[in-house]
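Hey, can you work out the whole structure from these sequences and the hints?
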Amino acid sequence: MKPSSSAALDEVLKIMARLRDPERGCAWDLKQTYDSIVPHTLEEAYEVADAVARRDFDELRSELGDLLLQVVFHARMAEEEGRFDFDDVARTLAEKLIRRHPHVFAGVRFDSEDAQHAAWETEKARERADRQGTGVGDRSGNEPVPGILDGIALTLPALVRAAKIQKRAARVGFDWADAAPILDKIHEELDEVRAEMGAGAPHARLEDELGDVLFAVSNLARHLKVDPEAALRRTNAKFERRFRFMEEILAREDRRMEDESLEALEALWQMAKARVG
Numbered sequence: 002m003k004p005s006s007s008a009a010l011d012e013v014l015k016i017m018a019r020l021r022d023p024e025r026g027c028a029w030d031l032k033q034t035y036d037s038i039v040p041h042t043l044e045e046a047y048e049v050a051d052a053v054a055r056r057d058f059d060e061l062r063s064e065l066g067d068l069l070l071q072v073v074f075h076a077r078m079a080e081e082e083g084r085f086d087f088d089d090v091a092r093t094l095a096e097k098l099i100r101r102h103p104h105v106f107a108g109v110r111f112d113s114e115d116a117q118h119a120a121w122e123t124e125k126a127r128e129r130a131d132r133q134g135t136g137v138g139d140r141s142g143n144e145p146v147p148g149i150l151d152g153i154a155l156t157l158p159a160l161v162r163a164a165k166i167q168k169r170a171a172r173v174g175f176d177w178a179d180a181a182p183i184l185d186k187i188h189e190e191l192d193e194v195r196a197e198m199g200a201g202a203p204h205a206r207l208e209d210e211l212g213d214v215l216f217a218v219s220n221l222a223r224h225l226k227v228d229p230e231a232a233l234r235r236t237n238a239k240f241e242r243r244f245r246f247m248e249e250i251l252a253r254e255d256r257r258m259e260d261e262s263l264e265a266l267e268a269l270w271q272m273a274k275a276r277v278g
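The sequence shown: position 213 = 214 (our numbering), numbered continuously.
Please note that the accuracy of each hint is not assured.
When the alpha-carbon atoms are kept at most 25 Å apart in a straight line, the in silico SDA-like pairs for lysine to any residue are as follows [claimed, not checked]:
| no. | residue 1 | residue 2 |
| --- | --- | --- |
| 1 | 226 | 245 |
| 2 | 226 | 77 |
| 3 | 168 | 153 |
| 4 | 168 | 199 |
| 5 | 125 | 239 |
| 6 | 168 | 43 |
| 7 | 168 | 150 |
| 8 | 32 | 65 |
| 9 | 239 | 262 |
Note that these hints are calculated values from the structure, not bench results.
Because the structure is a prediction, the values reported are computed rather than measured.
Structure representation (structure tokens):
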């Protein structure tokens, strides 16, 4: 008989407690800290995304388990310090889900999906304000007040974070009316890159101007309701497919890519575009 999810989770929690046992635990697990585990947490989240993108559901089951391990690990360390435990994490999540879905759990009715989304964002903003200890100082120098951009994780991928920053700014009206002017902005930013290149600008200036281009592109993606991170992942995958096709063609003919002219490689690239998309 398949164990219940509760029994299976209890087993995982017991295993983690054993691994962190000071006398009988695993030396590697014992020396870990919140900071040392964070890179593993991020990596596991990306591996979940990869399994979903490939529709590999056997792999997804495994990767979700690895991601759950990260939650269990962080909760165990917090429990050892008397801060909170896994039950507190789960309870906080349950309360948050109920609070953010009043149309499901409290009989609240919304006139439209946009109204429902606005209520969701309002609740999230209230939650941020409740837990904020610091924020943007007011002009009189008194107690800081919460800022619109507070709480956007610094560790997010830069494109994801750019989209979140722009979305928050848009809530208070600081936004383009539609997508068309953003195309002009992208061309403007590209012209500035071209000018800096022509002037022999230092690396820091080029980085700054290229950052402006990427920020504007992220803004365009948001207006087009395209996830910029997902779009770039698709393009990465497309490039890989075409590049591997080129490698395979050359390998069959016992040729090496590094020995080919740029013109020959471009011809192969065009063939790859036609054959593998």
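These are the hints, each one checked on the structure:
For the suggested pair residue 226 and residue 245, the alpha carbons sit about 31 Å apart, so the restraint of at most 25 Å is broken. Of the supplied pair hints, the one linking residue 226 and residue 77 is violated, its CA atoms being roughly 39 Å apart against a limit of 25 Å. A threshold of 25 Å between alpha carbons decides the hint, and for residue 168 with residue 153 the separation of about 11 Å falls inside it, so the pair holds. Restraint check for residue 168 and residue 199: the C-alpha separation of about 34 Å exceeds 25 Å, so the hint is violated.
Proposed proximity of residue 125 and residue 239 is contradicted: the alpha carbons are some 36 Å apart, above 25 Å. Our distance criterion of 25 Å between C-alpha atoms is met by residue 168 and residue 43, whose separation comes to about 23 Å. For a cut-off of 25 Å, the pair hint linking residue 168 to residue 150 stands: about 10 Å separates their Cα positions. About 24 Å separates the Cα atoms of residue 32 and residue 65, which keeps this hinted pair within 25 Å; it holds.
About 23 Å separates the Cα atoms of residue 239 and residue 262, which keeps this hinted pair within 25 Å; it holds.
Of the numbered hints stated above, those contradicted by the structure are hints 1, 2, 4 and 5, listed in ascending order.
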